[in-house]
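Visitor: Next come the chains, spelled out residue by residue.
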Amino acid sequence: MDNQTNLPAIDITDLTVAYQDKPVLWDVDLQVPPGVLLAIVGPNGAGKTTLIKSVLGLIKPVAGQTLIFGAPYATQRRLVAYVPQRGSVDWDFPTSVLDVVMMGRYGRLGWLRRPGRDDREAALGALEKVGMARYAGRQISQLSGGQQQRTFLARALVQDAQVYFMDEPFQGVDATTERAIVDLLKELRGAGKSVVVVHHDLQTVPEYFDWVLLLNIRRIAAGPVGVVFTEENLRRAYGGRVGFLGGNGHSEPAGTAAPRRAETQAG
Amino acid sequence: MSSTYLEIQLIAVFVGVACALPGVFLVLRRMAMMSDAISHTVLLGIVLGFFAIGSLESPLLVLAAAAMGVLTVSLVEVLMRTHLVRQDAAIGLVFPALFSIAVILISRFARGVHLDVDAVLLGELAFAPLDRMDLFGFDLPRSLVIMGLTMVANAGLIALFYKELKLTTFDAGLAAALGFSPALIHYGLMLMVSVTAVGAFDAVGSILVVALMIAPPAAAYLLTERLSRMLLYSAALATAGAISGFWLAVALDANVAGAIATTLGALFLGVFLLAPGRGLLAQARRRAGQRWEFAQTALAIHLLNHENTPEMARECRVDHLQYHLRWQPEFAATVVGLSERAGLIQRSNGDLRLTDDGRERAQTALVYN
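Protein chains in written order, with my numbering: chain A, 1 to 267; chain B, 1001 to 1369.
Please keep in mind that the hints were generated in silico from the structure rather than gathered at the bench.
Be careful, since some hints might not be right.
In silico BS3-like links for lysine-lysine, alpha-carbon gap of 30 Å or less [claimed, not checked]:
(1) A:Lys22 <-> A:Lys60
(2) A:Lys186 <-> A:Lys129
(3) A:Lys129 <-> B:Lys1163
(4) A:Lys22 <-> B:Lys1163
Bound conformation, chain A alone (with noise of 0.2 Å):
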């Protein structure tokens, strides 16, 4: 991967997209470096989903261009893993969870060839590395909504890809998985990997990414947490509907007025 070090991980320019005649993304544009755990945040129907779908081909772009370390997806899925949301499966699909992380090396193995040995204990590895190796012969249904999403995150990892797509990857787990989760994307970034997350939480976004792209349809803001996750940048992604706490305490980079802890405000 030497000859890619000096790309950018993720390439997005001019990204639209639209459902009928109703854009859901309008000429975004983004750059994710190697080694970034980017939050992709923004309200409900941003397109954050769509962002993740459309650059992994599963959404055709009305214009724009996505590129994996300077080539088009297409040519580079062997680099690029992704976890969708739990709730797009069918949890009752008789099968059990070694199974569904094996799913992670179909990838590489390609049409017609079956998984052997290797991949097996590739994903009992990673069921390890997500601390669900006693659950591996257990039928999926019987999982828990956190252990669903361990499945998912071990299914990813045996990917051994360089960048993650993960969409809300903290949805409806319990503490002790949401803190397993952010260890791992923390060890995923150590490694060198990019890994760009739909989160819903502000108030963690400081403390568990470094960079976070602010969206609604457009692109609002992207960059380093410390200079673009500003109150500012908030109240244009999510249209004022989000009150603030102002920080105290915390270092925060100088001369930006970063919040501590935003809160989407109910009704």
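Model the placement of chain B on the given structure of chain A, informed by the hints.
Guide: Just chain B, lined up with the frame of chain A:
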């Protein structure tokens, strides 16, 4: 047993297994009713093919029928994509439209040919051995050869594309992201269902194809937690249904296809009630057990909460449970009795004390994991 009986049973088994295998994926993809639609609309393909070719023997008819099956699926999807019609309604609109055109065409232009509406709807398995062909010097019923080939082809294709079918059925999004084409697999599966339906409705009629495609997989789904075994059980149930259905028909002197569908329905019902783990009976038994188990845990937690507190003497008594836990006296007495027997508590003169086991039970129940 005469060779005719044997041949009919073999045909029935081949039809059953050929239908049950792709049926597994229809059930898992929540597309069960699509099989009903396809098994009817392929008739239009056959009729149009017959008019074009002028023969009912040509293998090209299968192509015409399969094309019509795929057209059915596409039309349903086009309707759904407008977001004005849901899937079930879309199926209910498309298939009667295409099927009724076929019925009109047959009754108007093809009277007297082998294509008659009764045979199409109900099949003629009992007469299947009459239509024979020569294969490598063996004189075999045409249906036997066709359905045997269909069954082998279906089993082979599913074995070959097992990984792809599993992935696209479970998580189409990931499949597409990994570079597999869910659409290709989807239409491949629909093509398989269409071709199978053509062969199957010759034997059992279009109404009952859906029974063969759905009942065995639906029952197998309740019996296992692994896809590979679901395929296996589905094929086994189809075989059992085909053979016992045939003998039911012989005993009742009734339509074979109807008897097979009835048997499959009965098999499903049996599994539905009796399946270990997921059957209704097992569920009811588990739920009843859980109620008592939970009550014992609740009692242990209650005692733990008040253990070594000033109000212990008042709270930890049998006659207080009805105030604190809102339990009827008889229910409380039973739970206390069960807990005592399980070694969770000790009783002396109406005072209740936790044993070490009971304390552990209460503590583990309170830990969130």
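Visitor: Determine for every hint whether it applies to the structure shown.
Guide: Hints, verified against the model:
Among the hinted pairs, Lys22 of chain A with Lys60 of chain A is consistent with the structure: their alpha-carbon atoms are about 14 Å apart, no more than 30 Å. Restraint check for Lys186 of chain A and Lys129 of chain A: satisfied, since their Cα atoms lie roughly 13 Å apart, inside the 30 Å limit. Restraint check: the Cα-Cα separation between Lys129 of chain A and Lys1163 of chain B comes to about 25 Å, which is no more than 30 Å; the hinted pair holds. Distance check on the hinted pair: Lys22 of chain A and Lys1163 of chain B sit about 37 Å apart at the alpha-carbon level, beyond 30 Å; violated.
In summary, the structure is inconsistent with hint 4 from the numbered list given earlier, while agreeing with all the others.
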